[in-house]
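Protein chains: 6
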Amino acid sequence: MRIWVVNPNTTETMTAGIARCVSALAGPTTEITAVTSRFGPPSIESHYDEAMSVPGLLDAIGSGEQTGVDGYVIACFGDPGLDAAREIAAGPVIGIAEAAMHTASHLGRGFSVVTTLARTTGRAAELAQRYGMQRFCLGIHACEIPVLDLETDPSAVKAVTEACRRAVDHDGSDAVVLGCAGMAEMCRVIADEIGVPVVDGVTAATLTVQSLVTMGLSTCKRGEYATPPEKVYT
Amino acid sequence: MRIWVVNPNTTETMTAGIARCVSALAGPTTEITAVTSRFGPPSIESHYDEAMSVPGLLDAIGSGEQTGVDGYVIACFGDPGLDAAREIAAGPVIGIAEAAMHTASHLGRGFSVVTTLARTTGRAAELAQRYGMQRFCLGIHACEIPVLDLETDPSAVKAVTEACRRAVDHDGSDAVVLGCAGMAEMCRVIADEIGVPVVDGVTAATLTVQSLVTMGLSTCKRGEYATPPEKVYT
Amino acid sequence: MRIWVVNPNTTETMTAGIARCVSALAGPTTEITAVTSRFGPPSIESHYDEAMSVPGLLDAIGSGEQTGVDGYVIACFGDPGLDAAREIAAGPVIGIAEAAMHTASHLGRGFSVVTTLARTTGRAAELAQRYGMQRFCLGIHACEIPVLDLETDPSAVKAVTEACRRAVDHDGSDAVVLGCAGMAEMCRVIADEIGVPVVDGVTAATLTVQSLVTMGLSTCKRGEYATPPEKVYT
Amino acid sequence: MRIWVVNPNTTETMTAGIARCVSALAGPTTEITAVTSRFGPPSIESHYDEAMSVPGLLDAIGSGEQTGVDGYVIACFGDPGLDAAREIAAGPVIGIAEAAMHTASHLGRGFSVVTTLARTTGRAAELAQRYGMQRFCLGIHACEIPVLDLETDPSAVKAVTEACRRAVDHDGSDAVVLGCAGMAEMCRVIADEIGVPVVDGVTAATLTVQSLVTMGLSTCKRGEYATPPEKVYT
Amino acid sequence: MRIWVVNPNTTETMTAGIARCVSALAGPTTEITAVTSRFGPPSIESHYDEAMSVPGLLDAIGSGEQTGVDGYVIACFGDPGLDAAREIAAGPVIGIAEAAMHTASHLGRGFSVVTTLARTTGRAAELAQRYGMQRFCLGIHACEIPVLDLETDPSAVKAVTEACRRAVDHDGSDAVVLGCAGMAEMCRVIADEIGVPVVDGVTAATLTVQSLVTMGLSTCKRGEYATPPEKVYT
Amino acid sequence: MRIWVVNPNTTETMTAGIARCVSALAGPTTEITAVTSRFGPPSIESHYDEAMSVPGLLDAIGSGEQTGVDGYVIACFGDPGLDAAREIAAGPVIGIAEAAMHTASHLGRGFSVVTTLARTTGRAAELAQRYGMQRFCLGIHACEIPVLDLETDPSAVKAVTEACRRAVDHDGSDAVVLGCAGMAEMCRVIADEIGVPVVDGVTAATLTVQSLVTMGLSTCKRGEYATPPEKVYT
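Protein chains in written order, with the numbering used here: chain U, 1 to 234; chain G, 1001 to 1234; chain B, 2001 to 2234; chain Y, 3001 to 3234; chain S, 4001 to 4234; chain F, 5001 to 5234.
One chain only, chain U, in its complex shape (with noise of 0.2 Å):
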């Protein structure tokens, strides 16, 4: 079984956090690679990233297609191009943000994310919404720092921590979902700190990929997510 964990965007130490996160959960037969958009954006931190990152994860897909790739996880927290993805990969494919809110959903009444910059917590309640999990979603935060400075900044950790814990004191959830693939290294840090499972997208979406592969699962071909129609591009 290969599953390939696709960072939309272009920020190869990105994927390298990524890659540390995911090693570990490959078994025997099952080989697991992060791999990087060729083109887009260093970092998505806006609708108009999020949108210009889509042609190079869908590339990246188009790939993976071409050597047999059994399953695609979307590694950013908006999971852009989920459903065009769907389209085009044979076997499963799911993001960060879908699996790590159904995994919060299993652990209690109701679950936090806590994402980086402000202006990206509409899209999380945006999914929320598509995934049904909505109801669980008691409240989305943002820890404002950039994509990027997650990895750099030696303060993050605390910081992210921090934001956590008062999100929980103030939804009164059971559980946190952290909501960026940059924050996935910190993921057993902050749980250890806070008393309250912290849920990593990046490593319940691969589990979750892994899980639908096991059962010989993938999207229905038939319908809205057949092939999509071949045409000439301009």
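The set of hints was computed from the structure by calculation and includes no laboratory data. Mixed in with the good hints there might be a few duds.
Non-contacting residues of chain B with respect to chain S, defined by C-beta distances greater than 10 Å in every case (computed) [stated by the list, open to error]:
hint: 1; residue: P2028
hint: 2; residue: T2029
hint: 3; residue: A2125
hint: 4; residue: R2188
hint: 5; residue: G2216
hint: 6; residue: K2221
Computed beta-carbon distance windows for the label pairs [to be verified]:
hint: 7; chain 1: G; residue 1: A1016; chain 2: B; residue 2: G2062; range: 27 to 37 Å
hint: 8; chain 1: Y; residue 1: P3154; chain 2: F; residue 2: V5157; range: 53 to 63 Å
hint: 9; chain 1: U; residue 1: Q66; chain 2: F; residue 2: A5024; range: 24 to 34 Å
hint: 10; chain 1: S; residue 1: A4226; chain 2: U; residue 2: G216; range: 34 to 44 Å
hint: 11; chain 1: S; residue 1: R4166; chain 2: G; residue 2: G1068; range: 32 to 42 Å
hint: 12; chain 1: F; residue 1: G5216; chain 2: U; residue 2: Q134; range: 22 to 32 Å
hint: 13; chain 1: F; residue 1: T5030; chain 2: U; residue 2: Q134; range: 49 to 59 Å
hint: 14; chain 1: U; residue 1: Q66; chain 2: S; residue 2: A4226; range: 40 to 50 Å
hint: 15; chain 1: F; residue 1: A5226; chain 2: U; residue 2: R188; range: 45 to 55 Å
hint: 16; chain 1: S; residue 1: G4195; chain 2: Y; residue 2: M3001; range: 20 to 30 Å
hint: 17; chain 1: Y; residue 1: E3162; chain 2: G; residue 2: A1159; range: 31 to 41 Å
hint: 18; chain 1: G; residue 1: A1026; chain 2: Y; residue 2: E3162; range: 51 to 61 Å
hint: 19; chain 1: G; residue 1: T1152; chain 2: F; residue 2: T5030; range: 36 to 46 Å
hint: 20; chain 1: S; residue 1: T4029; chain 2: Y; residue 2: E3162; range: 29 to 39 Å
For lysine to aspartate or glutamate, the following EDC-like pairs were computed, each having C-alpha atoms within a straight-line distance of at most 20 Å [claimed, not checked]:
hint: 21; chain 1: B; residue 1: K2221; chain 2: B; residue 2: E2012
hint: 22; chain 1: U; residue 1: K231; chain 2: G; residue 2: E1151
hint: 23; chain 1: Y; residue 1: K3158; chain 2: Y; residue 2: E3193
hint: 24; chain 1: B; residue 1: K2221; chain 2: G; residue 2: D1171
hint: 25; chain 1: G; residue 1: K1221; chain 2: B; residue 2: D2171
hint: 26; chain 1: U; residue 1: K231; chain 2: G; residue 2: E1031
hint: 27; chain 1: Y; residue 1: K3231; chain 2: B; residue 2: E2012
hint: 28; chain 1: S; residue 1: K4221; chain 2: Y; residue 2: D3153
hint: 29; chain 1: B; residue 1: K2221; chain 2: G; residue 2: D1153
hint: 30; chain 1: F; residue 1: K5221; chain 2: S; residue 2: E4012
hint: 31; chain 1: Y; residue 1: K3221; chain 2: S; residue 2: E4151
hint: 32; chain 1: Y; residue 1: K3221; chain 2: S; residue 2: D4171
hint: 33; chain 1: F; residue 1: K5231; chain 2: S; residue 2: D4171
hint: 34; chain 1: S; residue 1: K4221; chain 2: Y; residue 2: E3193
hint: 35; chain 1: S; residue 1: K4231; chain 2: F; residue 2: D5171
hint: 36; chain 1: B; residue 1: K2231; chain 2: Y; residue 2: E3230
hint: 37; chain 1: U; residue 1: K221; chain 2: F; residue 2: D5171
hint: 38; chain 1: G; residue 1: K1231; chain 2: U; residue 2: E193
hint: 39; chain 1: F; residue 1: K5221; chain 2: U; residue 2: D192
hint: 40; chain 1: U; residue 1: K231; chain 2: G; residue 2: D1171
Where is the CB? At the ideal position from N, CA and C, for every residue including glycine.
Using the hints, position chains G, B, Y, S and F against chain U.
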């Protein structure tokens, strides 16, 4: 006042049809221009097409911004790139699904949508929910005519008309929303045939943008829709 | 094209303010007239006032129908008698809460409503739900200024402005909807002060009616909104 | 304890039918009186009729208040004027749609409504939502018998019964709500015929008012439903 | 008419309090009996307690069926076993949360719930949704007094009263629902103190059952709530 | 890692079928055991059966806790006792309806549920809502085969397959959720027959528990799902 109606696919003949619809709406001080995307798919009939149309659409809006366009219509019923467009435009941006659904909600208890291919009905349902129009949207129906056949197939008007009639009967609705910019020129004919109000989103969206500019209203540029942070894209 | 903006309370000075707002919207072929209800309450500040204003409103619309008016605005934020008015009018009828909320939904993720007395906030919430705008309506706030004091109390503009500012801060909203026809003339001033789009429903509804008439659209006269059966009333 | 069941149309024979239904419900210390509106429509079959019935209804409740009536039923399935009535009455006020739907929700997973004319089904749906009963309301069906024909047309009982039977089969519902005060006397007969619980709102509302008065409960007179401010009406 | 009010915990003193509340409600032909579960938890303060109370509750209802009881109240605010009880009883079965929330919805725009321990608020929210009362339920608050302390702790009334007052102020609600059968006897005192209607579910449910039996209404015995198939249990 | 899949009915042959399904899922360091409830109903086909199965289920989980089991599956589609089980288990607990619905939501726009008896469809709808899966759940259909006949009736596979095919056609769904643990072994056969993804909750839930344990995630033990207070039960 200058308004651009952007066709996010690259088919010039379709833009010409759009132009015919909106030219009559301009007043003495209003200039309404139909614009074709410079690159992207020739028609939008899948999530993949839609995602891949967005960079071309945003490029067009970027050009408009440089010449001081006052407002924009996105002339594809999937309303592709709406959030990103609102971030980069100073003036209002309206999608044709958005405008058509809002307009139809003023005409009775509920409306039916008649779109092209069945695989696009999921997106229409998602938009109805996004705009709060789910409670008015009593059904979404496909006529199974591909977008570009709408202008070339002489039997298309009749087929769309019959689909509208069936939709109204089935849903018990008070209005029909036409689910494709390529149906814009059919609007009056269908309404006369079926005896129920029929809404074309291209016209509705252009008038909505005109009204917003008249009121001096545009997307709030604080918070979620502020101009995106500048970045070096790869 | 002739549009009547009906003030469903009997206070002529308030109608005069409405007239000042809408007169600028008329084009060369459009006549927009502000009309006062012949009987009913001097202001609408309770469910009782609202219910008792409806016969006078319907009487005004009945007069309009006899002279071939093309469309109507109900210029009270409770949108009293909207359904009944749609039954008896041939052309479109729009309430100012309806138009203002729809308009504000185009400007960002969500809006705040600022209304007069706290006792009217329940009705505003009900209307937000009716129009599908509940998901955009992030908060409803009262400034506790009675309707008729809006035009006589010189400190009213400042008080409403401050209520708008607080509402935006509290709700994290992208726009403000003014919750009373008596606030229409304050709209620009408040917007300039608080730096966020502010929507006046009187203007928004008038432009919406104008757009509908331009498109040849009106209430569906089959089914629910057909002309009511004639009866001898006691 | 004195309860008034107000028929908001002006047809005395219909009030007489209502009186026959509720007279049996009075206990030794309870007096239940059916009252006819002094002015308004002879039957309520449109939004227009409904709106125009409200002043007469409120006039009746105003009379009741002067003689110390303890609670009121509004005996029309559109529940006209409910909010305004709650403002002016010291005791509880219950609509028959309100009571019937609440009652039916106790009897199974969901109910069907069978009403008179199809043009009234929109209002019934709106009320189901207002009362939170939307999830229980599995369908709303019209028998297309005008209100006043219910008492004069000898075939009406059979037609309503068949409409109820079809509704239950179609919706898979566990109960029927009769959607008109004029159907009250048919309730037992229909229930016996179709073998499913049938709810008459006139009876249900009267018992609900009786229970509320017994518990010393009434509309909260702080805030939204406080006595309206006194005004000089024109 | 014979009604049983079943206390699904095994604490006789609590049943005695319930009996005091409901005895006054019986009319000349009605007998209302408070019954204690024969086995199960002494109080219900967790999902575990609730689940484990159900067999005892169903055993009590089974006994009632053998003696022809006409209807039942489940006197615990979690409404444990309601669906199962409806399957095995011929007459109506009402939970006290169900009755209290429905009742409170008649009294204004919305209500607050005040319950015992914070860990039970999730269940109350779930019930509000189940009964369609979510839109009326503006807040759920805990006073953090264990169930059995309500009757033994002399300061409990004051603490619950203060929790009710804070809830009304915080939520802007028009009524309070008491979230525990053990608070039933406090109802009048609290209402007098805080000046807002306060609803005790034990009383409300008993009157609801009485009304249903009066109307000849009970759970539909076709479909979901039919008598369960007989089985040999291990 | 040790996972228990608890069959909450007492039929050992059904547990054996469950064991066959899940044994293949265990990795080198994972032990997955199917466990039968010690007491309760032989099959669960009513609210009564479900309620009466919970003490046996909780007893089984209690035993598991004493031997340090890491996570649990509740292998009945009504997900009986889920909340109570989460309170008493240290590790995660997942119901098969919960897991199946979440899993199916990743495969397309929506799914159909095919269950055993029609009387259980109400419970399935309730669970869809509880898990936020209502928007994905396009229909719930019964094949009217009693639970225990699924393993003994040789025509059952064919009947369930046809019910699945009809459900997909009727609902226009992208996946089928099998609504009974007794259908688990049919999953692959049905999927091959109907050409649409089919989800077995037993497998899905086991993999979900495995993923949660891998991530070190479990029910939050602060607040609602904390260990219940100790009590002396009667």
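Hint check results:
| no. | hint | in the structure |
| --- | --- | --- |
| 1 | P2028 | 47 Å, holds |
| 2 | T2029 | 45 Å, holds |
| 3 | A2125 | 8 Å, violated |
| 4 | R2188 | 32 Å, holds |
| 5 | G2216 | 38 Å, holds |
| 6 | K2221 | 32 Å, holds |
| 7 | A1016(G) <-> G2062(B): 27 to 37 Å | 45 Å, violated |
| 8 | P3154(Y) <-> V5157(F): 53 to 63 Å | 55 Å, holds |
| 9 | Q66(U) <-> A5024(F): 24 to 34 Å | 30 Å, holds |
| 10 | A4226(S) <-> G216(U): 34 to 44 Å | 38 Å, holds |
| 11 | R4166(S) <-> G1068(G): 32 to 42 Å | 55 Å, violated |
| 12 | G5216(F) <-> Q134(U): 22 to 32 Å | 26 Å, holds |
| 13 | T5030(F) <-> Q134(U): 49 to 59 Å | 34 Å, violated |
| 14 | Q66(U) <-> A4226(S): 40 to 50 Å | 57 Å, violated |
| 15 | A5226(F) <-> R188(U): 45 to 55 Å | 22 Å, violated |
| 16 | G4195(S) <-> M3001(Y): 20 to 30 Å | 23 Å, holds |
| 17 | E3162(Y) <-> A1159(G): 31 to 41 Å | 38 Å, holds |
| 18 | A1026(G) <-> E3162(Y): 51 to 61 Å | 57 Å, holds |
| 19 | T1152(G) <-> T5030(F): 36 to 46 Å | 59 Å, violated |
| 20 | T4029(S) <-> E3162(Y): 29 to 39 Å | 36 Å, holds |
| 21 | K2221(B) <-> E2012(B) | 33 Å, violated |
| 22 | K231(U) <-> E1151(G) | 18 Å, holds |
| 23 | K3158(Y) <-> E3193(Y) | 10 Å, holds |
| 24 | K2221(B) <-> D1171(G) | 16 Å, holds |
| 25 | K1221(G) <-> D2171(B) | 16 Å, holds |
| 26 | K231(U) <-> E1031(G) | 33 Å, violated |
| 27 | K3231(Y) <-> E2012(B) | 16 Å, holds |
| 28 | K4221(S) <-> D3153(Y) | 32 Å, violated |
| 29 | K2221(B) <-> D1153(G) | 32 Å, violated |
| 30 | K5221(F) <-> E4012(S) | 32 Å, violated |
| 31 | K3221(Y) <-> E4151(S) | 31 Å, violated |
| 32 | K3221(Y) <-> D4171(S) | 16 Å, holds |
| 33 | K5231(F) <-> D4171(S) | 34 Å, violated |
| 34 | K4221(S) <-> E3193(Y) | 15 Å, holds |
| 35 | K4231(S) <-> D5171(F) | 34 Å, violated |
| 36 | K2231(B) <-> E3230(Y) | 33 Å, violated |
| 37 | K221(U) <-> D5171(F) | 16 Å, holds |
| 38 | K1231(G) <-> E193(U) | 34 Å, violated |
| 39 | K5221(F) <-> D192(U) | 14 Å, holds |
| 40 | K231(U) <-> D1171(G) | 34 Å, violated |
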